[in-house]
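Number of protein chains: 2
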Amino acid sequence: MQRRIVVVGGGPGGITAGITARRYHPEAEITLIRREEKVLVPCGIPYIFGTLGSPEKNLIPDTALSNNDIDLIVDEVTSINKAAKTLTTINHETLSYDRMVMATGSLPLVPPLPGVDLGNVFTAKKDMEYLQKLSQALDKAEDVAVIGGGFIGLEFADEFNKRGNLNVTVVELLPRCLLLACDEEICTRVEKKLSERGIKILSGRKAKALLGEESVQYVELENGQKLKADLVILGIGVRPNVELALNSGLEVDEKDGIQVDGFMRTSDENIFAAGDCTAKRCYLSGSPIAVRLASMGTTEARIAGANLFGIRRRVECAIGIFSTCFGDLAVGSAGLTERAAKEMGIDVVVGEAAAPDKHPGGIPGAKELGIKLIFERDTGLLIGGQVYGGATVGEKINFIGALIQHKMRADEVCTFQMGTHPMLTASPMAYQLVNAAQFAVAKLRKAK
Amino acid sequence: MQRRIVVVGGGPGGITAGITARRYHPEAEITLIRREEKVLVPCGIPYIFGTLGSPEKNLIPDTALSNNDIDLIVDEVTSINKAAKTLTTINHETLSYDRMVMATGSLPLVPPLPGVDLGNVFTAKKDMEYLQKLSQALDKAEDVAVIGGGFIGLEFADEFNKRGNLNVTVVELLPRCLLLACDEEICTRVEKKLSERGIKILSGRKAKALLGEESVQYVELENGQKLKADLVILGIGVRPNVELALNSGLEVDEKDGIQVDGFMRTSDENIFAAGDCTAKRCYLSGSPIAVRLASMGTTEARIAGANLFGIRRRVECAIGIFSTCFGDLAVGSAGLTERAAKEMGIDVVVGEAAAPDKHPGGIPGAKELGIKLIFERDTGLLIGGQVYGGATVGEKINFIGALIQHKMRADEVCTFQMGTHPMLTASPMAYQLVNAAQFAVAKLRKAK
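Here the protein sequences come in this chain order: P and C.
Residue numbering for the first sequence follows this note's numbering, beginning at 1 and increasing consecutively.
Residue numbering for the second sequence follows this note's numbering, beginning at 1 and increasing consecutively.
Warning: the hint list may mix true and false statements.
Identical copies carry no separate label here, and so any pair may be met within one copy or between two of them.
Said to hold, decoys possible - List of simulated lysine to any residue pairs, SDA-like, C-alpha gap at most 25 Å:
| hint | residue 1 | residue 2 |
| --- | --- | --- |
| 1 | Lys443 | Glu29 |
| 2 | Lys407 | Thr379 |
| 3 | Lys443 | Arg3 |
| 4 | Lys57 | Pro364 |
| 5 | Lys57 | Lys367 |
| 6 | Lys446 | Asn68 |
| 7 | Lys125 | Asn247 |
| 8 | Lys193 | Gly365 |
| 9 | Lys407 | Gly380 |
| 10 | Lys443 | Thr63 |
| 11 | Lys162 | Gly362 |
| 12 | Lys255 | Val110 |
| 13 | Lys446 | Ser66 |
| 14 | Lys162 | Leu202 |
| 15 | Lys162 | Lys367 |
| 16 | Lys367 | Gly327 |
| 17 | Lys38 | Pro364 |
| 18 | Lys342 | Gly370 |
| 19 | Lys443 | Pro26 |
| 20 | Lys126 | Leu138 |
| 21 | Lys407 | Arg312 |
| 22 | Lys407 | Glu376 |
| 23 | Lys126 | Ile363 |
| 24 | Lys193 | Pro364 |
| 25 | Lys407 | Arg314 |
Treat the hints as calculated values from the structure; they're not laboratory data.
Make a model of the complete structure from these sequences and hints.
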């Protein structure tokens with residue numbers, strides 16, 4: 001009897017769950033149902049508006065499905081009958097399944113701000129036509145305000161700025177942009193870079209209202225300041241899209257997402273979930289954590305897709321690994337920041353090292369690369385890391401993420417074997433990762 | 001009583017041993033003795049002749065010593081009295097020590113080839129004046145032959161070629177250049193790139209003799225071919241510099257190096273050793289292995305320097321992590337190649353994946369990055385990896401090195417949490433490391 005697998009949701013989580021299932025079940029009938037005619041690369045959305053030029057250049061090709069013999073239905077699931085193992089769509093189709101993967105993703109958070117319904121107020125909605133409208137609106141705009149100075153907000157700001165015709169201002173509630181992901185010194189570095197690139201950064205300011213007639217004209221701040229803005233983008237985060245799960249009677253926390261076990265199973269044994277729609281836990285505290293990233297989503301999907309008819313993989317709690325770049329400055333963060341760890345009550349020891357990313361420093365194109373590592377004092381365990389530098393930052397922070405995941409201690413990082421090359425890395429004497437750990441070990445020793 | 005530490009050798013191993021010792025012993029008297037007036041960055045040597053322009057731009061500054069309160073003596077140690085714990089130099093100075101670190105490095109291998117003593121035949125000697133002479137000779141040369149197509153040989157060839165005035169030919173004994181570090185498909189990629197850059201690659205050819213009157217004029221190959229060459233560089237590897245250790249009665253294998261235990265202690269309990277002069281073992285087989293890299297040397301030095309007056313760290317057997325680049329093609333290798341593993345009798349499973357190193361692929365500057373992972377079939381353990389691509393290859397291969405070091409299995413790499421970013425990495429769906437592991441897991445399953 002042929003196994004029937006249905007994936008609900010067409011983003012990176014859904015696609016990866018389908019592909020992974022295919023690898024384990026060559027004979028299964030796999031169907032993916034999604035609402036969207038075309039699917040956007042989620043992390044690419046800000047880049048549509050500067051670097052890429054149009055939403056069409058930021059699509060995930062459907063060959064990812066067809067190459068893996070996954071049937072595509074463009075439709076919307078309205079209800080699930082868990083007992084009968086069937087689902088119904090808005091077009092009144094009924095499909096039966098043996099196992100389902102819910103990958104319904106997330107939706108942009110819209111703050112309860114007076115004026116958010118005015119014209120020319122946008123979010124980072126993963127919708128082709130919506131983003132085309134945003135693109136057209138940007139062509140006519142002059143003053144753009146970005147509400148929210150996290151990764152997405154800053155990426156929008158920098159890409160908008162690349163268009164050349166816009167005055168771009170970022171309004172961030174916290175004392176510094178990026179402060180949920182990075183420590184203050186990294187945040188300051190990024191704010192400085194963005195300012196140099198011509199973007200106005202207003203951190204530590206709270207938006208009170210959006211003002212205008214039909215279309216937005218001003219952002220009013222709590223301090224009374226009024227910013228001219230004929231276009232506003234809200235980049236304050238996302239919430240899990242759990243409507244279908246809720247309506248289907250699955251266990252859901254509306255804020256955190258669909259509850260899943262370590263195998264990515266929901267409260268119904270035949271329904272798995274993966275991606276932005278699921279609840280995640282912090283690798284250190286075990287508390288709920290909002291790591292809604294396509295990267296984490298595909299990791300979950302690789303677990304859900306493998307476990308459908310027999311448990312093969314377990315999910316680790318979320319570390320949270322981010323990277324981004326603005327011009328020639330890239331930054332990355334993995335795990336806890338020093339600030340977050342302290343707020344959590346963890347006694348930490350920090351090690352830092354910076355050096356050129358090529359060697360000797362006179363090699364053309366060499367840029368400073370700096371690493372900060374955060375260790376738990378009592379155990380010496382690596383619990384977080386941050387990097388700033390050039391093109392290698394994305395892989396470097398993944399590397400640090402791997403060390404966190406595999407529970408490395410400071411002393412182990414110190415004697416880590418690495419390769420070095422004049423054109424590609426720091427010198428072996430100055431290798432930042434090892435030296436940052438070495439400085440932390442010295443402090444750990446003093447404390448004893 | 002003040003502890004006296006003497007380091008013999010001024011390269012990255014010696015300096016790092018001194019600095020590490022200083023971190024643990026703030027009060028100690030630390031002296032470094034070296035022969036050279038100035039010290040070259042070893043891996044930077046080929047880059048002197050193209051990218052950097054002169055040996056003076058490839059120096060390790062002595063501030064690395066002075067900043068750490070390490071006394072420098074430029075002199076040559078001629079003998080050691082282990083019982084008295086004293087050493088004597090060529091200038092008849094006598095120094096006493098409580099602990100010594102030998103970091104005497106390596107010397108270029110000179111093959112027993114007729115004609116190697118002719119004029120204009122050079123090696124990669126770590127000697128400022130010698131390299132200045134090489135630089136001057138290159139200015140007058142027309143046809144240069146590089147004997148040996150390993151990393152150093154190819155780097156010399158590519159840098160010589162950048163000068164514009166030279167016809168450069170590489171002669172490699174093995175069927176492909178780089179074949180000791182990379183599998184054939186990577187080697188072919190590199191050979192193709194170098195050929196496109198104008199370098200003539202003769203692999204699978206053996207040099208039989210160097211011909212000429214006073215100065216070299218031809219390289220004669222075993223197949224009878226005669227290559228015009230008014231300058232020859234021998235890049236066939238290095239041998240450990242063990243003369244002092246041998247004369248001092250330490251346990252030494254002349255081919256492999258000074259024998260050390262897991263704490264980097266020689267056969268004399270007061271003498272440690274680190275760097276190219278020591279014998280190393282393969283992390284998998286435990287057999288001697290010739291990983292003579294500054295990176296490995298500094299790792300050993302961080303262990304030796306920490307252990308002088310109390311054991312704190314242990315060395316892991318050598319993985320061997322290499323990277324290099326030629327124009328826009330960088331390659332890296334860590335651990336065993338597929339070929340070497342098979343020759344060793346290991347049953348392996350290979351996983352491969354390639355994707356653009358930015359996403360979507362239309363992001364300007366995106367380049368293909370490919371990863372090959374080699375797993376042991378019976379255990380699923382990662383035993384080797386290779387990467388080709390752009391600027392991130394150096395850190396990517398270090399990342400793979402870390403996974404080998406920490407004994408990751410294929411299934412663990414599959415569910416690895418990573419961060420991804422349009423400008424900095426592949427897409428999360430196409431993340432090469434995870435997908436390469438996934439392909440290997442699929443093959444491992446089939447085999448069961």
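Right, here's what the structure says about each hint:
Proximity of Lys443 and Glu29 under a CA criterion of 25 Å is satisfied inter-copy only: 22 Å between copies versus 58 Å inside one chain copy. Taking identical chains as interchangeable, the C-alpha atoms of Lys407 and Thr379 lie at most 25 Å apart whether they share a chain (10 Å) or sit on different chains (21 Å). When the C-alpha separation of Lys443 and Arg3 is checked against a cutoff of 25 Å, the pair qualifies only between copies, where the shortest distance is 22 Å, while the shortest distance within a copy is 57 Å. Within a single copy, Lys57 and Pro364 get their C-alpha atoms only as close as 33 Å, which misses the 25 Å cut-off; across copies the closest is 12 Å, which meets it.
Taking the shortest Cα distances, Lys57 and Lys367 sit within 25 Å of each other only across copies (17 Å), while inside one copy they are farther apart (30 Å). For a Cα distance limit of 25 Å, the shortest separation of Lys446 from Asn68 across copies, 18 Å, qualifies, whereas the shortest one inside one copy, 57 Å, does not. When the C-alpha separation of Lys125 and Asn247 is checked against a cutoff of 25 Å, the pair qualifies only within one copy, where the shortest distance is 23 Å, while the shortest distance between copies is 74 Å. For the identical chains of this complex, Lys193 and Gly365 are neighbours both inside a copy (18 Å) and across copies (21 Å), given an alpha-carbon limit of 25 Å.
Within a single copy, Lys407 and Gly380 get their C-alpha atoms as close as 10 Å, and across copies as close as 20 Å, so both meet the 25 Å cut-off. For a Cα distance limit of 25 Å, the shortest separation of Lys443 from Thr63 across copies, 23 Å, qualifies, whereas the shortest one inside one copy, 53 Å, does not. In this homomeric assembly, Lys162 and Gly362 come within 25 Å of each other (Cα to Cα) only across copies, at 17 Å, whereas the closest approach inside a single copy is 31 Å. Taking CA atoms no more than 25 Å apart as the test, Lys255 paired with Val110 passes inside one copy only; the shortest distance there is 14 Å, against 69 Å between copies.
Taking identical chains as interchangeable, the C-alpha atoms of Lys446 and Ser66 lie at most 25 Å apart only when they sit on different chains, with a minimum of 23 Å there against 60 Å within one chain. With identical chains, the CA atoms of Lys162 and Leu202 are at most 25 Å apart within one copy only, with a shortest distance of 19 Å there and 48 Å across copies. Taking identical chains as interchangeable, the C-alpha atoms of Lys162 and Lys367 lie at most 25 Å apart whether they share a chain (23 Å) or sit on different chains (23 Å). For a Cα distance limit of 25 Å, the shortest separation of Lys367 from Gly327 qualifies both inside one copy, at 13 Å, and across copies, at 18 Å.
With identical chains, the CA atoms of Lys38 and Pro364 are at most 25 Å apart between copies only, with a shortest distance of 22 Å across copies and 42 Å within one. For a Cα distance limit of 25 Å, the shortest separation of Lys342 from Gly370 inside one copy, 22 Å, qualifies, whereas the shortest one across copies, 40 Å, does not. Taking the shortest alpha-carbon separations for Lys443 and Pro26, only the inter-copy value of 13 Å comes in at or below 25 Å, while the best intra-copy value is 54 Å. For the homomeric pair Lys126 and Leu138, the shortest alpha-carbon distance inside one copy (17 Å) is at most 25 Å, but the shortest distance between copies (59 Å) is not.
Both within a single protomer and between protomers do Lys407 and Arg312 lie at most 25 Å apart by alpha-carbon distance, with minima of 22 Å and 19 Å respectively. In this assembly of identical chains, the alpha carbons of Lys407 and Glu376 lie at most 25 Å apart whether taken from the same copy (11 Å) or from different copies (23 Å). Taking the shortest alpha-carbon separations for Lys126 and Ile363, only the inter-copy value of 19 Å comes in at or below 25 Å, while the best intra-copy value is 42 Å. In the homo-oligomer, the alpha carbons of Lys193 and Pro364 lie at most 25 Å apart both inside one protomer (21 Å) and across protomers (21 Å), since each shortest distance falls under that limit.
For a Cα distance limit of 25 Å, the shortest separation of Lys407 from Arg314 qualifies both inside one copy, at 17 Å, and across copies, at 18 Å.
When the structure is compared with the earlier hints, no violation turns up for any of them.
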